[in-house]
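Undergrad: Here is how the chains run, residue by residue.
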Amino acid sequence: MKLLLGLFKSPSFLVGIGLFSATVLLALGAPLFFHVDPYTRVGLPFLPPSSAHWLGTDHMGVDMFSMLVTGLRSSLEVGLVAGTVATLAGTLIGVYGGFKGGLVDDVLTAATNLFLVIPSLIVLILLSSSLEHGRSLFLIALIIGCTTWTWSARAVRAQSASLRGRDHVNLARINGYGTFGIVVLHILPYLLSYIFMVFILQTATGILAEASISMLGLGPYDSVSLGKILNEAIRNEALTDGAWWAFAPAMFLVTVIAFALFVINTSMEGVFNPRLRK
Amino acid sequence: MLRNHPTLRHMVGRMGWYLLTFLVAVTINFFLPRLGDANPVDTMMAKVSGSLDSQSAKDKEEAYLKEFGLVEVDSDGTLQRDAAGKPIRTSLASQFGRYLAKSLRGDLGTSILQHPKRVSEIIKTALPWTLALQLPTIVLGWIAGNLLGALAAYRRGVFDRVFYPLALLASAVPAFCVGILLVYLFGIRLEWFPAVGGYDDGMVPSWSWGFLESASYYYVLPFLSIFLIVVGGQAIGMRSMCIYELGTDYVKYAKLLGIRESKILLYMFRNAMLPQLTGLALALGTMVGGALITEMIFSYPGLGMAVLTAIQGNDYPLITGCTLLVTTCVLVANFSVDVLIGFLDPRIRAAHAGGAA
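Going down the list, the protein sequences come from chains A and B.
For the first sequence, position 106 (counting from the first letter as 1) is numbered 106 according to the numbering used here, and the numbering increases by one without interruption.
For the second sequence, position 76 (counting from the first letter as 1) is numbered 76 according to the numbering used here, and the numbering increases by one without interruption.
Looking at chain B on its own, in the form it has when it is part of the complex (with noise of 0.2 angstroms):
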């Protein structure tokens, strides 16, 4: 079935080779933070320790130990002892199966600092808001990003004088330090718009109008700040793009013919687009770092925030439940971009056709 099927054979060979990347992040996920001495159990017990006398701190040295699997444990939920007593720690690789096997069922954990309530729960909370905020604001300012350089290639003169100057200063300006200015400027200064959060304090997330009300109008400074460094960035690649593209022999000989100027422009526009379109895939993953640090500074109730908060109280479960979650994501969004390539780049569907022949 796949020999007649270019553009599927193309999705089943990226789908093998995304799960294979998958698999490498999921392994960096799991023995990069055991690369130093942290150990969550130490930091549970340096919280807890205090209050207790040295027998019921042991008790609970030994229950933590279980529940993050550090300890080998019996069929029937007790601990395996040594001859001294001593629990029997579990090997790093067999704690890497179980990671393993529980990531894939859903199950993160439990979190260190919010301690009995599971990381999936927290990161289910986070999910919508970071989706919410940078899968439109990524995906709109690609779209005006390179709308603009195109225009800009074409045109030249003032426009682009004026214009490619900005979109590079845009481009250079790290994420976090236009968020920071807008906060300053429009949230604090100016007072047009709130500085941090999601939604007014004292409101539940719900879909009622007024909930919708307050967090869009929450929503304005972080999509701006997110946009304004993803169209400075599009807009300087599409326009050397169509610079490039407009002194090729396919647009002197259109120009010769006589053919309309706006067909021209959309002959370049779509053979500019596709490489466009590659690197917006690889460019994915530093975007959405980006945007990451612009949830933190806007105190958006995203993923960020809970990275932020994990970070600084060590909570590891929540990190790299985070971390894994947001590389998820990213490979997710890129995979959908490569098939999307796949059904728009009639090269790949002719390659892919050759080689089944």
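If we strip away everything but chain A, and leave its shape as in the complex, we get (with noise of 0.2 angstroms):
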């Protein structure tokens, strides 16, 4: 408790989670104020912001504004998904490998360092590739969480190796409790806090892996997402047109959004961990 009143007292805690509530604010309280309509055709394409289109319209003319708060919602939950599937997957296989040891410990940690290795875009650009038709949103979501668990795995294992000989550990082995009691009453525990700064990386993993592979032009057929945005501004020449606000805000969003995880999560770990307190 007295660590998460800390937190509070972090002046970049404070602008990180400022910064993402924001965001999530305006992807889920503008449609209760405006009209957001992401499929119909509202003027000429291309019109520059004014007061009818605050950011003006895309290359199909339709309203960037509703473009933008559509993919917005798209891109966190896309970043919510893949984050939640990379999490649980890694902390499974980090924690599982750190408590056994041994031979299990070898072949889960050599598995994770082989497919950290392999370039996870090179395994998004395959298998999306390869799913052209039906790739939805939830699905992306889906892939990109499987590809990038390896990081938290490798972070959690180490955390859970190291409370693996502890006094407690122990006790509740000799009273004995099986390996599913001891992890989940015992080592999770401790890596609560640990797990939740692996949870907000993953997500902002998520977010940006989402963006790059709808930048490919391999994004959802079944949404918008700011990446997809992107994509499009960039394919119907916005650029040379010298039309920002069709790439502009999107860039801005997703930046943004990695800003402040980034940041939530740098400014936890110097609270949590008492090496970095100054």
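If you are wondering where the hints come from, they were derived from the structure by calculation, not from laboratory data.
Small disclaimer: the values here were computed from a predicted structure and weren't measured.
Glycine included, every Cβ here is placed at the ideal spot set by N, Cα and C.
Treat each hint with caution, since some may be false.
[Said to hold, decoys possible] Here are the computed distance ranges between Cβ atoms for each label pair:
1) B:Arg-98 x A:Asp-167: 51 to 61 angstroms
2) A:Asp-222 x B:Val-24: 24 to 34 angstroms
3) A:Leu-4 x B:Arg-156: 24 to 34 angstroms
4) A:Ala-22 x B:Ser-216: 41 to 51 angstroms
5) B:Ile-143 x A:Tyr-190: 53 to 63 angstroms
6) B:Gly-210 x A:Ser-21: 53 to 63 angstroms
7) A:His-59 x B:Arg-34: 28 to 38 angstroms
8) A:Pro-48 x B:Arg-156: 41 to 51 angstroms
9) A:Arg-166 x B:Ser-216: 25 to 35 angstroms
Since each chain sits alone in its own frame, please combine them into the complex, following the hints.
TA: Now the structure itself:
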């Protein structure tokens, strides 16, 4: 509890959480106050920002602000789903390997390192390009989660291995707890803050991965996302036409979300890790 | 012989591990694209079938099936047919066997988009551009990032307070955003540098002075956009590494002994750098991925652009050829970093020497 209070005293944490809440509010709150419609043409293509269309229109003449709000919501969804999947997979593999040790640990660590070295963007490209039909937002999020878990597995394993030899774990073992009981009752509680930090990073990674893969034209067919807005803007020469409103806001939002999540992560590290405290 | 050479032992061990990784990568590269229902022959047929009658369409399809190795062929090159006269499909397992054998020989198949052209030919013209862009950029970015990070940790104060948020921002900004921003600002608005491409239109790549001049002019923006991100990411890691090292006993002891600051800084730098080198080995895959996207934004004539056009045209042989090559390059780079660590880190030498005794 004291630690949580300490978190709210850290200025960088406040900046991060403030920025992130602002984007979430924009994604969820904007449809309540404005008419958000990313599918109908409302004017000529690439109209500059005006009082009627705050961020102008895109190459089809669709209101950019509507596109942006919808895209933001999809990107946040992808981030959360991919982050959850990656954190779950990474935590399971990491905690189990780190706690068990021996051959199981060796095999799991080798597998983790192996997939860490193979660029995940490459695996993403291969998977998404083979799923030409039915590449939904949710499926993309799942795929991203399944290709980015390696970092969390590695990080969680190191933490869990350091707990393996602790007295309270040995005591639980003597008292006859099984692997599952020990992991859930005596190891996971110690790692919770750490796993939460991992989750934040994985969410950021998920949002960035979706944006990258959509930039390549491998985005979801069923919704607008920030990466897809960028892809369409570039494909339709918004850059050379000087239509900055077609790509700058989406770029700004991706950057703000990623930056906010990174800042939250580092500030939590500063609070939870006494070594970094000054 | 291996017994007495701990560094060599380390190298051989790592080489075995990377061979295993390579095999897994090749397997992924073969099976993932075949998960879906996409089939190169269907894509090809969709392109040409409109202008053909049914008999010649069938002939064409069989020729393509043969070319992409999807059907069984006799030793003299004729198709094997079943009782109904249909060509016999090759099983996935033996397709994989053939794919392995061919890949090792450097034969990556035929491109669909640029049909009779070999994938290896396309890659051969693209690879030098990617290597020339990414290798120096990542190495220089790594060096600059580490120096700046160590400086920020050591100086603290104003320098750190200005530098750290900037570095954090640089590492958080997605690679493609920096690329788009630079293209728009310096390429299109200010027109200081050419926005897209690798050299002037109408020039033919050669080692002539004029061509190199043009190419280096086009090099500036893509270089900057990858460089900035690598510097940011590395500086943050190095900074926290050095803050940790500054609190250790050996630094305190050295300070008590009154050893010169610059000397302490050198000790600290050396100790903090090794984990950073390991970090580089692990992050290379992500870096190369980001740099590929940068290449696409700048329409740089490297592998990134080849992948992008291949994706847009559903050119599977070209996609898998490029991905296989990128993975191989990343693995080779990783291996080199690992070997370097073996030479630099006395602990690894000691561990292997101890194991041999």
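Undergrad: Does each hint hold? Answer for all of them.
TA: Status of the hints after comparison with the structure:
1. Remark: the range hint 51 to 61 angstroms for Arg-98 (chain B) to Asp-167 (chain A) is upheld by a beta-carbon distance near 58 angstroms.
2. Asp-222 (chain A) and Val-24 (chain B) have their C-beta atoms about 32 angstroms apart, which keeps the hinted 24 to 34 angstroms range intact.
3. The hinted range of 24 to 34 angstroms is satisfied by Leu-4 (chain A) and Arg-156 (chain B), whose Cβ atoms lie roughly 27 angstroms apart.
4. Take Ala-22 (chain A) and Ser-216 (chain B): their Cβ atoms lie about 42 angstroms apart, and the range 41 to 51 angstroms holds.
5. Take Ile-143 (chain B) and Tyr-190 (chain A): their Cβ atoms lie about 38 angstroms apart, and the range 53 to 63 angstroms is violated.
6. For Gly-210 (chain B) and Ser-21 (chain A), the hinted distance range of 53 to 63 angstroms is satisfied, since their beta carbons lie about 55 angstroms from each other.
7. Taking 28 to 38 angstroms as the suggested C-beta distance range, the pair His-59 (chain A) and Arg-34 (chain B) conforms, at roughly 35 angstroms.
8. As the Cβ distance of Pro-48 (chain A) to Arg-156 (chain B) is approximately 46 angstroms, the hint placing it in 41 to 51 angstroms holds.
9. A C-beta distance of roughly 58 angstroms is found between Arg-166 (chain A) and Ser-216 (chain B), which places it outside the suggested range of 25 to 35 angstroms.
Checked against the numbered hints given earlier, the structure breaks hints 5, 9 and satisfies all the rest.
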